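Student: Chains as they are written, first to last, in the numbering used here: chain W, 22 to 221; chain P, 22 to 221; chain H, 22 to 221.
Keep in mind the hints are simulated off the structure, nothing from the lab.
Each statement offered as a hint is correct.
Note: identical chains are not told apart, hence a pair may lie in one copy or across any two.
Calculated cross-link-like contacts (lysine to any residue; reagent style SDA-like; alpha-carbon spacing at most 20 Å):
id: 1; residue 1: K190; residue 2: Q84
id: 2; residue 1: K47; residue 2: E163
id: 3; residue 1: K47; residue 2: G171
id: 4; residue 1: K47; residue 2: M166
id: 5; residue 1: K47; residue 2: L220
id: 6; residue 1: K47; residue 2: R219
id: 7; residue 1: K47; residue 2: R172
id: 8; residue 1: K190; residue 2: M204
id: 9; residue 1: K47; residue 2: V159
id: 10; residue 1: K47; residue 2: N162
id: 11; residue 1: K47; residue 2: P173
id: 12; residue 1: K47; residue 2: I164
id: 13; residue 1: K190; residue 2: T201
Keep in mind it's a predicted model, so treat the numbers as computed, not measured.
Below are the chains, spelled out letter by letter.
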Amino acid sequence: MSLIKALEILAILVGAFSGFIEARRKRMDVVGIFTIAFITAFGGGTLRDILLDQRPLFWVTHQEYAILIFVLALISAPAIRTLRRVISERLIIVADALGLGLFSIVGVSQALEAGMPIFIASMMGVITGIFGGILRDVVCNEIPMVLRDGRPYAICSFAGCWMYLLMQKVGIPPDFSLWTSAMAISIARIVTWHRGVRLE
Amino acid sequence: MSLIKALEILAILVGAFSGFIEARRKRMDVVGIFTIAFITAFGGGTLRDILLDQRPLFWVTHQEYAILIFVLALISAPAIRTLRRVISERLIIVADALGLGLFSIVGVSQALEAGMPIFIASMMGVITGIFGGILRDVVCNEIPMVLRDGRPYAICSFAGCWMYLLMQKVGIPPDFSLWTSAMAISIARIVTWHRGVRLE
Amino acid sequence: MSLIKALEILAILVGAFSGFIEARRKRMDVVGIFTIAFITAFGGGTLRDILLDQRPLFWVTHQEYAILIFVLALISAPAIRTLRRVISERLIIVADALGLGLFSIVGVSQALEAGMPIFIASMMGVITGIFGGILRDVVCNEIPMVLRDGRPYAICSFAGCWMYLLMQKVGIPPDFSLWTSAMAISIARIVTWHRGVRLE
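Using the sequences and the hints, build the whole thing.
Tutor: Here is the structure:
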């Protein structure tokens, strides 16, 4: 299994897990847990593909991911309290940061390939990275955390997308650009979180 | 008028009616009543068609349904209190269950025709059946009822979609599969509701 | 710069500004301010284009508008309190009414060109005019103002769209129809607001 595949699965699992927790906190049933986990994990990429008019959607060609979340929702509903004790917040932040980096750069590169102008491409990267969480919070009847907690989350994604765009502009090989800027996003997120950096 | 057409109109009317009631409960004006009724009646099918990239949308080719809801919103705004007294909860549950069965199976069969893999097709069936209500609750600023009330609603739809998929797999004629599995969903919904069955 | 271009920019700025104010009232950070402003300004047109399956989206071909909102979000975050004092409510209502008229008629004419039946076309006009505000309120965790304040806002848009459709039907030149009905919407909105007209 390639590294990108492993990271992708990790990122989806983390997205789904954050959906589990939020759904459980709202006292949802198993249908709610699956729905919120699914929206959190795939919402950003789905919105990007709808805006770019690209089909088939990511989770349509990879139905194994949808099935994975389905099975996890079934088995984790009773176990979620135990899971939360076992899995530390630090671990979730790190895994989520890896997902943010990876998905943002995948989003921006797909938008470029689809012929988007560069500012729009950078926005598509950020949308891919953050809109799963926004949709999760909207359906859970909360003001989206990412829009109000003042932590550099979307900003890390945005800066990393521009790093990728600039590296592409000056002719650096795509693979190297992708990994470098995805890692830059992840590290920026982890470091600013750890230091408690806040925006105005 | 064919049976499927009659059922379709009934299901749309019930969706619109549940939108009327919710919009009125939130003290919305006539614009809100029409909008919420429309979203409830057509939201699930519209989301499915956007995800599958199919056009024209159902309510675009059948503008008579949109006009019907428009006229109903105009005349029912003052009469909604009387209507609620005349129409019993039992009647609404039954009509809504018929709609759930019909729309779910129409959704899953359209997804199959569009070439979706089977787990995704079953999800599209459930989305068609339940997302109108989810969007209604989101716009009305509530946590969606279907995600948290613990009643087997989405689950009935999901089980019926798989019944249809299996019947198709073993070569049972489409028409017979459609009606049998749609009725199975409706009956499962009505029976579990009547007996007060709850999920974890 | 043509008049329609100037009006368009004005309408987008007003949409973005109402997003700024709402995001600030909800204590969002700069990411939230940009996101809400963007959704308010472009949400209606984006939803219309997704429903009609038209690409590229308006803000993709005009990335300068997205950049403009981005820059404004950056500089206005600290200045928003001052801005609110300088810009009177009356000015906002007038500019917003101009945007409502313009966007509604642009929406209905695009829907007609895309071959929509006329009632659907009138709905697309209204969606273009009002859904930015609805999406803003949904993400900000409020029941959408336009659905419940009882002011003739969507109704002005709807009436103006039908005025346009009728003028097209009887063969009046498109340009003249467009400007007349857009102005009719704007004036109807300003007059009914000024007189405090309320619907049931």
